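Line order of the protein sequences matches chains A, B, C and D.
The first sequence: position 102 = 1407 (this note's numbering), numbered continuously.
The second sequence: position 128 = 1433 (this note's numbering), numbered continuously.
The third sequence: position 49 = 1354 (this note's numbering), numbered continuously.
The fourth sequence: position 234 = 1539 (this note's numbering), numbered continuously.
Heads up, a few of these hints could be off.
A pair counts as met if it fits within one copy or between any two copies, since identical chains are not told apart.
Claimed, not checked - Here are the computed lysine to aspartate or glutamate pairs in the EDC-like style, where the Cα-Cα straight-line distance is at most 20 Å:
#1 K1585 - D1431
#2 K1588 - E1442
#3 K1469 - D1607
#4 K1585 - E1428
#5 K1469 - E1326
#6 K1392 - E1449
#7 K1588 - D1431
#8 K1585 - E1408
#9 K1585 - D1379
#10 K1386 - E1339
Since the hints were derived computationally from the structure, they do not count as laboratory data.
Keep in mind the model is a prediction, meaning the values are calculated, not measured.
So you can see what is in the structure, the chains are spelled out below.
4 protein chains.
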Amino acid sequence: MAMTGVLRPGHVQIRVLDLEESINFYANVLGLVETGRDAQGRVYFKAWDERDHNSVLIRQADTAGLDFVGFKVDSVATLNKLEADLKDYGVKTERIPAREMLETGERVRFLLPTGHTFELYAEKTDIGNGQPYINPEAWIPAAEHGIAPVRLDHLLCYGPDIEKAQAILQDVLGFYLVEHIELEDGSGDLAIWLSTSIKAHDIAFVRHPEPGKLHHVSFLLDSWEKVLRAADLMSINRVSIDIGPTRHGVTRGTTIYAFDPSGNRFETFCGGYQSYPDGKPIKWTMGDVGRGIFYHDRTLNDSFLSVVT
Amino acid sequence: MAMTGVLRPGHVQIRVLDLEESINFYANVLGLVETGRDAQGRVYFKAWDERDHNSVLIRQADTAGLDFVGFKVDSVATLNKLEADLKDYGVKTERIPAREMLETGERVRFLLPTGHTFELYAEKTDIGNGQPYINPEAWIPAAEHGIAPVRLDHLLCYGPDIEKAQAILQDVLGFYLVEHIELEDGSGDLAIWLSTSIKAHDIAFVRHPEPGKLHHVSFLLDSWEKVLRAADLMSINRVSIDIGPTRHGVTRGTTIYAFDPSGNRFETFCGGYQSYPDGKPIKWTMGDVGRGIFYHDRTLNDSFLSVVT
Amino acid sequence: MAMTGVLRPGHVQIRVLDLEESINFYANVLGLVETGRDAQGRVYFKAWDERDHNSVLIRQADTAGLDFVGFKVDSVATLNKLEADLKDYGVKTERIPAREMLETGERVRFLLPTGHTFELYAEKTDIGNGQPYINPEAWIPAAEHGIAPVRLDHLLCYGPDIEKAQAILQDVLGFYLVEHIELEDGSGDLAIWLSTSIKAHDIAFVRHPEPGKLHHVSFLLDSWEKVLRAADLMSINRVSIDIGPTRHGVTRGTTIYAFDPSGNRFETFCGGYQSYPDGKPIKWTMGDVGRGIFYHDRTLNDSFLSVVT
Amino acid sequence: MAMTGVLRPGHVQIRVLDLEESINFYANVLGLVETGRDAQGRVYFKAWDERDHNSVLIRQADTAGLDFVGFKVDSVATLNKLEADLKDYGVKTERIPAREMLETGERVRFLLPTGHTFELYAEKTDIGNGQPYINPEAWIPAAEHGIAPVRLDHLLCYGPDIEKAQAILQDVLGFYLVEHIELEDGSGDLAIWLSTSIKAHDIAFVRHPEPGKLHHVSFLLDSWEKVLRAADLMSINRVSIDIGPTRHGVTRGTTIYAFDPSGNRFETFCGGYQSYPDGKPIKWTMGDVGRGIFYHDRTLNDSFLSVVT
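Please work from the sequences and hints to get the whole structure.
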C-alpha cells in the first residue's frame, strides 16, 4: 500500500525520421543523457536525474510517432498479478523477453482501446543519476546540458474509445481521474487526465478518430525560470515551438509545446498541483476548454486538436 | 494499488501559549485559512489549496509542542485493515470517535516508539480550495494572503528509538526510506526521511533522548521566489527566523526554518525531488551532515539539534 | 554629469472610452495606486514603488490613444536650458503652467516629427512609495494589489519620420541609440530603441504612416515569475492578451502585451540588459525581425505592425 | 546630459595569494571570461555580458585586497575635464599611460581620503559579449559557465573619512547619495551608498579605522534563481560563504557574500531598485542596521564589520 503497483511512465519508444539528427537533438538540445544503443539500432536516453537506465528510446522509421509507452511497477510479483488481472478483464497480453530492451526486465505488453501499445515492467537497471548514493551534491553539470529536463513526466495520447482505456487504467491498473473535459452533449469526455501517483497526471487522452496517435511526451523542469531557459534554447537551436511559455488551466502546470526534428511534439513542463486519489476530479466544459488547455491565450491554437504523430 | 493506503499527513494539532496571538499568526502571517473552532477551544485551519476541511489545529496550552499528527488513508476499509495490522504487529491502538475533530471521521490513534502520537483517518469533509470543481482559475486571492503555503507537506519529529518507529511505518503502513544519516559508529541512523507517496518525505525523524518532540511542521510553497517572499514577510512581521532562505542537501528542497509565537518551529519548503519506492535510499555520513541539512552553510547551526518543542 | 538632464519617462496621459471601467482596470487589475482626480475629470495613478505623485493619467475621450508623454528632467535650470536648446534646434515649444497637472510644475511641450506630443518637466511632488524614508521594509501590500508593476518603464510610439525624432532626442535631449531594426533597402530604420539612462530603452519608435500613434506603454515587473503572475491575473480578469509571456530579442526583456478596456496596448515587462552610452548599438535586419521582437515565436504576430491607438 | 560623465565601475584590480588557484576560481567557479595576461603577470577577466576588454584583474601578492578601482567616463574630453576639476578641488591626480593596462587608454588616478586608489578612464577596447552586434541571441553558453555573473556591479570600501570621499564623488564626479546609515550620535554616517547612474549603488563606503580596505566586489546576476544557483555552485566547489542567499534591506537587492581563495569577499547580487538623482536618500538608523544590511536575519553577522582585505 501507499505508493505501490504501477509507479510511473518509465519508458517511451519514439519513431524518428533521421536518426543522427535526432540523436543530436535528444542529447544536445533536449539534453537527455545517452545511455546505450542496441542491435536493432535503437538509441537509449534518460533524463539526468532519473536513475533507471533509460526512459526514452528512439528508432529510425518512415513515419514519426510513438511505438509504445512502458509503466514501471513495483515488483515482479505485481507484474505477474497485473498481467493476470488484465487477462481476467479481457485484455490480451504479450510477454516481451527480458533484455529485449537494454537493462530492462520482462515486459507485459497490451493494446489499449485507443490504439496505444502499453507495457508494464518491473526491472530496469539502476545506473544512478550521475552522483553517488552517499553524500551527493544538489545537481551536476548534466543538469545544464541543453534543456536538461529532470525526468520523463507524462504523455498525452490521441485515439478513440478513451472511456474504455480509462476503465482499464482505473479498474485494473489503479490510476484515478484528476481532471476531464466534458463533451457538450454530455455523452462523455473529450479529454481525461489520469494519475497513478500524486502527480497531476501520469497519462492523458484526447478523443480522436485515428487510433494510436501521440500528442506529446512531456518532460519535467524544476521551475518557471527553467521553462524560460528551455524556450530560449529552443530559439537558439531553431526548434519549432508550438506554443508557450504559458500555463495550462488543467493541472495548472507551466509549459512549452515544441516539436522534435521529426515532428513529434514534446512538452517541457513545470509544476502542476499535487493530486490525491481522494480528491474529486475537476471538470472543464467545452465553453471553457480554451482556458483549460492554454490558460493565458484562452483559446486552442489550430494545432492542438489536429497535429499529432 | 498505485497510490493507495496511507496518503499523506492530513492534520497536525499544535499547542500554543497564547491563542489570540497564534490565531493572528496562523491566519495572517503564515496565511492559512481559518475553517472553524470547536467546543474544546481548538481553532482549525487549512492551507489555501487543500480541499479537506482542516490540516492544522491549534489549542492553548502551557507548553508548546505537537499533540499529534494524523495521516489520511484512502478508505474506511483501509483504516480498519491498518488498525488490525497495527494490532497484529503489537501496536496498541485507540479509536477516537467521528466528529471529535470537526468534519473528521473516526481516527485510529497509536503511540510511536519515538513518543509521538499518530493517527490514521479516512474521512474529512471536502470543502474545496475556494474554487468550483468546474472550470476553476489557476489561483485565488487567498494564495497571496500572508505566506500562504499551498499545503501541509511533512513534519520532522525528534525522539528515541527511531528504528522502531521506522519499522512500524515501513512494515505496517507502507512508508519507504528515502534518505538517512548514518551514525558514525554504524550502530544506526541519526535521522531518517520517509515517504508514503512520491514526495521526498512525508515524515522524518531525528534520534533524540527526549520522546515526543517536534522539530518542525513543514508547509509547501510553489517556488524559490515564494520562499523569498516568505522570508520577506517573516521580516515584515518580525517572525523569528532560525535559518534560511537556503537549500537542504537532503531532498534538495529549498527552505526557511522559523518559529511561531510559541516557539514551535515551522518550515516553508519548496521542491525536493520526486522519490519512488523502487529507488535506493541516499545515505549521508556524519562527516557531511552539515551539508546534508544546510547545503549552503555546510554546517549545522546551534539550534538544529537542540531546539525542539 | 553622470545621471543628469532628462531622467526618465515620468508621466503619460492616456485616453479611455469609459472612465469608470478604466479606473477599475488601472487600479485593481493593472494595480496602480490612484493618487488624485482633477477638475478636468482626469484620474491620476502611480505605480506602487514610484515616489512622484503620478505617472499615469487617464481621461475619458471618444477615441483611445496617447495624449502626451512627459519626461522628468533633473532641475528647473535644465528645463530652461533644454527649452532653449529645442528652440535653437528649430523645435517649437509651449509652456504649460504649473499645477495644470496635479502636483506637477511647469511643463515644456513640443511636437515630435512622429506626431507625438512630448513634455519636459522638473517638478512633481514626492509623495513617497507608501513607506517612510527611514528604515523602510522591502515591500508593502500594494506590491501585490493587482499586477502591481514597480514603475512606468518606457513606451513605444508609431509614426512617420522617426529619424527626425531620433535626431531631436539624441542631439538635443541626450538620448542614445541602443538597438535598431534596419529597413531592407538600407534607407533607414524600421524601429529604434533609445535610452536616456542605463535602461535598455526609455522610449522606442516604429516607422508608421499615421502620426502620433501609441503601440504600448510599458510597466516594469521585478521577475519572470511576476510576469507569469501578471498573465494569470490577466486571465482571471479576462484581460485581452496580445502575446506572451515571452521574451524580446531586442533588449532581452521578458514581456506580455495586453490591452486595457479601451484597446490601448500595455506591456508588463521585466529585465532588459543594462545599457550604456559607450556601447555600440545592436542592429537587427529584416530577415530576423521576428526573432528580434518575439524571441520565442520568431515571427511577428498580425497585430504587432497594425494594431495601435 | 542624460547618462554622461562617470558611467560605471569598469575595472578592479585584486591581489591574490596564489595566482594559479585564483585563475581557476575566477574563470571556472565565479565564471568570468579570461581575456588576457600581461608582462606584469596580471590576469584579465570580464563578465560574459560585458563588452569592454576587462573588468577584473588579479595579480599575485603577499596580502589580499584591492589595488584600485577604475570608473569609465564617457569620453576623453570628460576625462580631461574631470582631471582638471579634481585638481581644482585639491585632489592630487596622476596619469597612467595608455596600454599600461591591456586594451585600456590613459587613466587618471587619485587617492580617496578613505585610502582607496581610484581611477578614471575613457577608453577600453570593445571586444563584444561573445555575440555579433547584428541579430544576436539572448545568451550564450558562457552565461552558464560557473556562477557567470552578467557584469561587475559595484564595490563596498572600508576606510576613514567617508564624508570626504563622498564630497569628492558627489561634488566633482557627479555621484549622488541613495541610502545611508546614520551614526547613533548624529555625527555622521556609518555607511553610504552612492550611484552614478540608476543603479541603487555603484559604490559604497563603511566608516572604518584602517584605510583602503575592501569589503567586497559585487557581481550582477539576473534573478533570485541565479542567486540560488550561485549558492549551489559555491557549495559544489566548497567556496567559503559568508552569508546568504538573503536580501539586503538597503537597495532591496538579493545577495550572497562569499570569499575567493585569498579571502577577498565578493558578492553575487541581484536586483536593487532603480534609483534616480531626484529621489530623497533613504536613511537607516543604528537600531535597524541589522535589518538594513541583512533583511532576513535582522542582525549583522560577526564578519560584516570586521573581515575586510
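20 Å Cα cut-off: does K1469 pair with D1607 within a copy, between copies, both or neither?
This pair counts as neither: shortest intra-copy Cα distance 27 Å, inter-copy 42 Å.
I want to check one pair: K1469 and E1326. Are their C-alpha atoms no more than 20 Å apart within a copy, between two copies, both, or neither?
The answer is neither: 37 Å in one copy and 49 Å across copies each exceed 20 Å.
First find the shortest C-alpha distance between K1585 and E1408 inside one copy, then the shortest across copies, and answer within, between, both or neither for a cut-off of 20 Å.
So K1585 and E1408 pass the 20 Å test across copies only (17 Å; inside, 39 Å).
With identical chains treated as interchangeable, where does the CA-CA distance between K1386 and E1339 reach 20 Å or less: within a copy, between copies, both, or neither?
neither (33 Å within a copy, 45 Å between copies)
Checking an output row: K1585 and D1379, CA cutoff 20 Å. Within, between, both or neither?
Only across copies: K1585 and D1379 sit 13 Å apart there, 26 Å inside one copy, limit 20 Å.
Status of E1442 relative to K1588 across identical chains (alpha carbons, at most 20 Å)
between (41 Å within a copy, 12 Å between copies)
Alpha-carbon proximity context of K1392 and E1449, limit 20 Å
neither (44 Å within a copy, 50 Å between copies)
Status of D1431 relative to K1585 across identical chains (alpha carbons, at most 20 Å)
Cα proximity of K1585 and D1431: across copies only (9 Å, versus 36 Å in one copy).
Check K1588 against D1431 for me: Cα-Cα at most 20 Å, and say if that holds within a copy, between copies, both or neither.
Answer is between: at 16 Å across copies they meet the 20 Å cutoff, but 39 Å inside does not.
How do K1585 and E1428 come out at 20 Å by Cα distance, when the copy is not named: within, between, both, or neither?
Between copies only: 13 Å across chains, 33 Å inside a chain, cut-off 20 Å.
In terms of the numbered hints stated before, the structure departs from hints 3, 5, 6 and 10, listed from lowest to highest.
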